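Novice: Residue numbers (our numbering), protein chains in the order written: chain E, 1 to 731; chain A, 1 to 153.
The hints are simulated quantities; they were obtained by calculation from the structure and are not laboratory data.
None of the values given here were measured: they were computed from a predicted structure.
One thing to keep in mind: the hints can contain errors.
Not everything, but these chain E residues come out facing chain A in the computed CB check (under 7 Å) [said to hold, decoys possible]:
(1) GLY77
(2) THR214
(3) THR222
(4) ASP227
(5) ASN278
(6) MET351
(7) GLY401
(8) GLY402
(9) ARG437
(10) GLY645
(11) MET676
(12) SER677
(13) MET679
(14) VAL682
From the three backbone atoms N, C-alpha and C, an ideal C-beta is built for every residue, glycine too.
Residues per chain, in single letters:
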Amino acid sequence: MKFLKNMMQTELAPHDPGMSRRSFLKVTGGATAGLVVGFTLPVSGANAAQGDGTFNPFVRIAPDGTVTVLNKHLDMGQGNMTGLLSLVAEELDADWGQMKGEFAPSDPKKYANLSWGVQGTGGSSAIPNSFIQYREAGAAAKAMLIAAAAQSWKVKASEITVENGVIAHPSGKKAGFGDFAALASAETPPEKPQLKSPDQFNFIGKTGYGRVDTTSKSVGGTIYTQDIDRPGMLIAVVARPPKFGATVKSVDDKAAREMKGVKDVVRIPQGVAVLADNTWNAMQARSALEITWDETNAETRSTKDIAAHYRELSEKPGTVAVEGETDKAFEKAKTVVEATYEFPYLAHAPMEPMNAVAELKPGQSLEIWTGSQLQTLDHNIASKIAELPMEKVKIHTLYAGGSFGRRANPTSDFINEAVHIAKAIGGRQPVKLVWSREDDIKGGYYRPLYVHKVRAGLNDAGEIVAWHHRIVGQSIVKGTPFEGGLVKNGIDHTSVEGASHLPYDVGAHQLELHTTDVGVPVLWWRSVGSTHTAYAVETMMDRLAKSSGQDPVEFRLKHMTSSPREMGVLKLAAEKAGWGAKKLPDGVHRGVAVHKSFGTYVAQIADVHVRDDGTVKVERVTCAVDLGVAVNPDQIAAQMEGGIGYGLGAILRNRIDIENGEVQQSQFYDYEPLRMSDMPFVETHIVPSTEAPTGAGEPGTPPIGPAVANAILWGTGKTIDALPFSRHGLT
Amino acid sequence: MTIQVTINGEARTLDASPDMPLLWALRDELKMTGTKFGCGVGLCGACTVHLNGSAVRSCQTYVGDVEGAEITTIEAVDTREAVALRTAWAELDVPQCGYCQSGQIMQAADLLKATPKPTDADIDAAMDGNVCRCATYHRIRAGIHRAAEILEA
Ligand code: FES
Ligand code: FES
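Construct all of the structure, not just a fragment, from the sequences and the given hints.
Specialist: Written out as structure tokens, the structure reads:
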């Protein structure tokens, strides 16, 4: 995904007097140009090894042999800390027990996401963009260790072997990495570190070494933003307007100020912040604020009106994203199937609500602790608000309790607020901004509401000859720093991805888009455009198959002549599930869906039990995935399981409704997450591949909704056009 | 108001208002951050601790109600069940983001104590109040079954 390449061209002009916009562009542009290949590290430049155990920006080795890997990404659960460590361990031939992870500081010169040119995590890119880079970092360190050992042992480097963290020579000499760390880190790094061939891999593609964070996460030991405590720190909660776009007109904070533990009440652009000595007191006092809101610029429409308007638009021509002679083609069609789909706004609702700690010394420095997903943007925004050059601002990235996209947003809202609050109190004390669950559900940055209208036609032979698809909804990037990179000719790529390139031969294909303006803040949500496009495309496929009496797997395969990898996952899933062969228990029906997102191909077959009362339980999902080289098969399976669960919860019962501008849901009782009893048994199968790796974090999500809907269609004849399923009494 | 409690085997004094949820007393006053805040209203289980040996939601348990009680948190829980669960969690790499896992383990330990060999239905019933937004449910279930096996051996 090109995603952020153009970020720096707009708001991202750095707030850094010492670094011109031009040089910033050059630096980030350079990193972009270096892209996925090559050791694009300044290893021999300013950061040349100093003999202190620092081998390069990614690898440090301590005298006790501990190898610390600096993770340029955010680990919000997807496991990239383990992934990046394993890439370094692989080439270093380290022992897994000596590996340790640390989040890298914010520095796009060293730590850019190579597919974007700036530092950040998303688009399932952590492993793919780091695959060569982190291996080269490990390989370089290993070569330096060998060179140092050869010198001090006075032997040939070529005779030295490294295995499981032990450097050895046939003469019997042996040493650990720590013994040579200082010496080796002063060596000149090799220009082109030698990488292993796949037959030499000990980690890549293997299982049997665990996640690096499992133990600490099982004893409550992992430190998240919510757990940060700084000397004298105050807790801040913010009263935000009940309607998006409203501002504070006046506030009566008298009662709040008199409440226990309250230290201050300040106004910030986003609302009114209460600062107290602990979280409970801050939350209590917030409810005592009396605020009058100015709603002049607020969005005051209701989702039902917005949806009705979108439905009208879906009947009218939009901006053409893909052009095809569909009118003519439909004339030749024998059967035409048509559907208008509606997808609700969705909150991400990560388990850890938004939060950030800011410690400001006005005019001097700012330190931030948070699960930063877009360090470069977060860094810029924080610097601007604090009126400090970027080098005076430090971001400490921490493990995040989920995100699903929420922590990467164009205003860095949670960091933005924290810095504003710190500034409003003159940096008197460190501040921890805490969002409650209600703040999170009501706080915006939703997956947009979309309406799709799809018409498709079959000829006499049951082949698709025409496919007309219209999408109506907000753009998630319009008016943001990401717009430049993602909107082309009026088409926001993220609104149509998953519908613009179909894996099927559909004859004439036309895709149109209406981009709407609504004052509800919207954002990517695990798997972005595919959260809705996959549902529309894949349920339409089954409606076509059913209307012509064709088996949905066969029907797909016959239209997939130019999509070998989609075909591969579909065949694998069908084979493993025993499609067509296995007798299913009474009341259990099967549905299939296949979808590619972020370069990863996934097919899922859902076994859905439709109970006598009409409610559904997804019993089992057979998932097949092709993501090139499978770096960590067990964690790929974990991401498929999690992606399926995340998608399923939303499809079953999640929706954000707005009435006269006010969000109606607020908690886990009306935005009910998937729970244990809803979770299917999931079995994941990986297609063996030597292609470059793609990501696993998002692609598991898109197929589950349509797979379940298709099972219901075949089992009951019911079509579900408006999500979630709870609208239709199915949950 | 001061309250005397035993937390993780140590006598502690809580100096907090009686209506403050135990969750915030643990986290903000005692700086024990293993117990997590997820919803604050009893709907997610992230804040689960053991009160006199049984799992409770610390966001729905008030400081004023715990005088003389014995409280165990994720940092110190070392019952047979908790130890077996941690072994199973490591074998299966259950956690993803991990934020819910303190609560999952505290709740699962309570389940295994009462029901050493739980069925899938027992697991559904006991664990449905513990949300995992990363949807690690599949592995939590497998982890509980595995821990039951370890306990039996
Ligand atoms: S925080 Fe206590 S149940 Fe959610
Ligand atoms: S592991 Fe992330 S919420 Fe459970």
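Novice: It remains to establish, for every hint, whether it holds in the given structure.
Specialist: Cross-check of the supplied hints:
1. GLY77: Holds. Min distance 3 Å.
2. THR214: holds, 5 Å
3. THR222: holds, 5 Å
4. ASP227: Holds, because the Cβ-Cβ distance from ASP227 (chain E) to chain A comes to roughly 4 Å (cut-off 7 Å).
5. ASN278: holds, 4 Å
6. MET351: For MET351 (chain E), the interface hint holds, since the closest Cβ of chain A sits about 4 Å away, which is under 7 Å.
7. GLY401: holds, 3 Å
8. GLY402: Since chain A brings a Cβ to about 5 Å from GLY402 (chain E), closer than 7 Å, the hint holds.
9. ARG437: holds, 4 Å
10. GLY645: At about 2 Å, which falls below the 7 Å cut-off, the nearest Cβ of chain A leaves the hint on GLY645 (chain E) intact, so it holds.
11. MET676: holds, 4 Å
12. SER677: Constraint on SER677 (chain E) satisfied, holds at 4 Å.
13. MET679: Since chain A brings a Cβ to about 4 Å from MET679 (chain E), closer than 7 Å, the hint holds.
14. VAL682: holds, 5 Å
Figure legend: structure checked against the earlier numbered hints; every hint is met.
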